[in-house]
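Chains as they are written, first to last, in my numbering: chain D, 1 to 337; chain A, 1 to 337.
To be clear, the hints were calculated from the coordinates, so they are not data collected in a lab.
Take these hints with a grain of salt, some might be off.
To be verified - Quick list of the computed label-pair ranges, beta carbon to beta carbon: (1) D:Lys239 x A:His241: 30 to 36 angstroms; (2) A:Thr64 x D:Ala37: 35 to 41 angstroms; (3) A:Thr18 x D:Glu25: 42 to 48 angstroms; (4) A:Gln196 x D:Pro84: 54 to 60 angstroms; (5) D:Ala76 x A:Gln196: 57 to 63 angstroms; (6) A:Gln139 x D:Lys78: 51 to 57 angstroms; (7) D:Pro84 x A:Ala37: 45 to 51 angstroms; (8) D:Ser272 x A:Ala37: 33 to 39 angstroms; (9) A:Gln211 x D:Glu193: 43 to 49 angstroms; (10) A:Ser207 x D:Glu185: 31 to 37 angstroms; (11) A:Ile28 x D:Ala240: 49 to 55 angstroms.
C-beta: ideal position from N, C-alpha, C; glycine also.
The residues making up each chain are set out below.
There are 2 protein chains.
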Amino acid sequence: MSEIRQNVATQDWVIIATERAHRPEDFIPPADRCLTADRPEFVAACPFCPGNERMSCDPVALRTDAAGDWTLRLVANKYPALRPQGSTARHLDRLDRRMDAVGHHEVLIEARAHNTTTALLPVEQVRAVLEVFRERGRQLAAEPDVLQVIFFKNHGVAGGISLEHPHWQLIALPIVPNHIRTRLETAMRWYDEHGQCVYCEMWRSESQQGQRVVEENEHFVAFVPFAAFSPFHIWILPKAHSPLFFTLSDAALQGLAELLRGTLRRLYLGLSDPDYNVILRMAPMAYERVHWFHWYVTIVPKVSRLAGFELGSGMYINTARPEDSARFLREIDLGEP
Amino acid sequence: MSEIRQNVATQDWVIIATERAHRPEDFIPPADRCLTADRPEFVAACPFCPGNERMSCDPVALRTDAAGDWTLRLVANKYPALRPQGSTARHLDRLDRRMDAVGHHEVLIEARAHNTTTALLPVEQVRAVLEVFRERGRQLAAEPDVLQVIFFKNHGVAGGISLEHPHWQLIALPIVPNHIRTRLETAMRWYDEHGQCVYCEMWRSESQQGQRVVEENEHFVAFVPFAAFSPFHIWILPKAHSPLFFTLSDAALQGLAELLRGTLRRLYLGLSDPDYNVILRMAPMAYERVHWFHWYVTIVPKVSRLAGFELGSGMYINTARPEDSARFLREIDLGEP
Chain D
1 MSEIRQNVAT QDWVIIATER AHRPEDFIPP ADRCLTADRP EFVAACPFCP GNERMSCDPV
61 ALRTDAAGDW TLRLVANKYP ALRPQGSTAR HLDRLDRRMD AVGHHEVLIE ARAHNTTTAL
121 LPVEQVRAVL EVFRERGRQL AAEPDVLQVI FFKNHGVAGG ISLEHPHWQL IALPIVPNHI
181 RTRLETAMRW YDEHGQCVYC EMWRSESQQG QRVVEENEHF VAFVPFAAFS PFHIWILPKA
241 HSPLFFTLSD AALQGLAELL RGTLRRLYLG LSDPDYNVIL RMAPMAYERV HWFHWYVTIV
301 PKVSRLAGFE LGSGMYINTA RPEDSARFLR EIDLGEP
Chain A
1 MSEIRQNVAT QDWVIIATER AHRPEDFIPP ADRCLTADRP EFVAACPFCP GNERMSCDPV
61 ALRTDAAGDW TLRLVANKYP ALRPQGSTAR HLDRLDRRMD AVGHHEVLIE ARAHNTTTAL
121 LPVEQVRAVL EVFRERGRQL AAEPDVLQVI FFKNHGVAGG ISLEHPHWQL IALPIVPNHI
181 RTRLETAMRW YDEHGQCVYC EMWRSESQQG QRVVEENEHF VAFVPFAAFS PFHIWILPKA
241 HSPLFFTLSD AALQGLAELL RGTLRRLYLG LSDPDYNVIL RMAPMAYERV HWFHWYVTIV
301 PKVSRLAGFE LGSGMYINTA RPEDSARFLR EIDLGEP
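Using the sequences and the hints given, assemble the complete structure.
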């Protein structure tokens, strides 16, 4: 029998459609697929490849190696959705509400090589990406007009990339999106009723049950949520309560680098480099001390399509049991000590 | 300067990214694209083509022509996401909330021909589709376990189809999705503050301003919303206030058939048969008499991709100005009297 499940933290309902169920193996794409690693290491026309630095904006942050070459670069997006200049004044007509698109839209080029991706980088490099985001997050939190920051990575065409070279993005907004406000309200209500952060309860429960865990370490649990909205949908929850990512300790940051890379590596090896989105979700910048909200990482492999039902209902139909997705990923041999 | 705009009815914020703006013409796909009309009229392996009726379930509703051949068929989905059998009892553990996926999942095969689509059908056939949905909606409203119904159509691979033959779907749910509940609350608050249904105000304002109108008739206005979340995103609002579609009068149903077909025809001709989703959104079935909520049709052409930012924020980046999208569609010559 198919089930409808609810994620208690987001209140989203999902249909787990066992009638049209697929085994995890059914999502593996054809073997002739061009993997990221099969591409050329350098592409002359790529604005993010070494030597083409003048094609992008000046770095906001930079890491270099012993030879003085950059190893990662955070730059303003050349075609930004938001710009630092402008006014946050809202123009409120009865039906038309608008404001300047004031904020930041930046790109983090995560490696020199064109043919790599987070799953294939050394842990130290993934750690450096997270360090730069932590540092930049702290700077943005100090800006009065930045209400919300979202870090994310698009991978592959179905993930929405316009440039192939491996990169992350950050967007800093002068508003709190409706979607995040709804989650804040849900989490606050849970805290009212139970006296606990719902996300703290969730990682403990998942860690204890184990059946949906993909990988776990001292600081984080990566698991397929009980009401995962698509096959291999993953949450990485920090064990220490905190609403904002950039308060992360050095030790926890190392733990996240390991777990994030490990989880993406399971997808790369198990599902032949699927397209995906990774999102680092957190509270609004002013909520550093709230007890009821928790930052986390979510990974959404693009192995199924959203259609009219999803758009119309905000619900999802997941054709893979979360427990099966988790087992499949957990059992992948990472081929590393 | 790019803008952030808010839809007052949904409270969704959208970035209208003029910095990365595209002209409407930029969304026209390559000319060698295979249009729906270029396909074969009959496909032997297609379960929805005439002669293959035994490959689908028995009809829930049927229309036939003078010769006794069916012209449209409403059937239960052979691989349904929800089934009529089961219990609506909820199993509520602290963190795991689940219930049987009880409900209906049906398919409306809208034409005998494999190589047609709503845009190419005669108005009478589109009217027949809407009549069948109105009738089926009334039946479902009488079922105590049906809380919410969604009618929708997926068109093309990016629209999420698994079968090419032209069809619509309906899903009847035993819950009210969170997404719809949020919209109900927003609309109720608007009514509290203004004493008007926000959707009623919106169609009047759009009709009066005219700059975002695509097409209008006595009963409906088709327009690109002020905060359209993607290029050519369209709402068709009924002028008569009603929370539920299936209370529609015969005259209004005829008006909707004309406007829906006309709008889809503009997309077909202007954008070379783009993939899209159409959704008929309405209130929960019990809300037939509420003053603050309004049913409507939304059309989302799949000319851009959702990525990490959209998933992470619930916001959208629209690279086409709604006013430009509307003008482009309004000016298309429909080639009909």
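In rising order, the numbers of the hints this structure does not comply with: 1, 2, 4, 5
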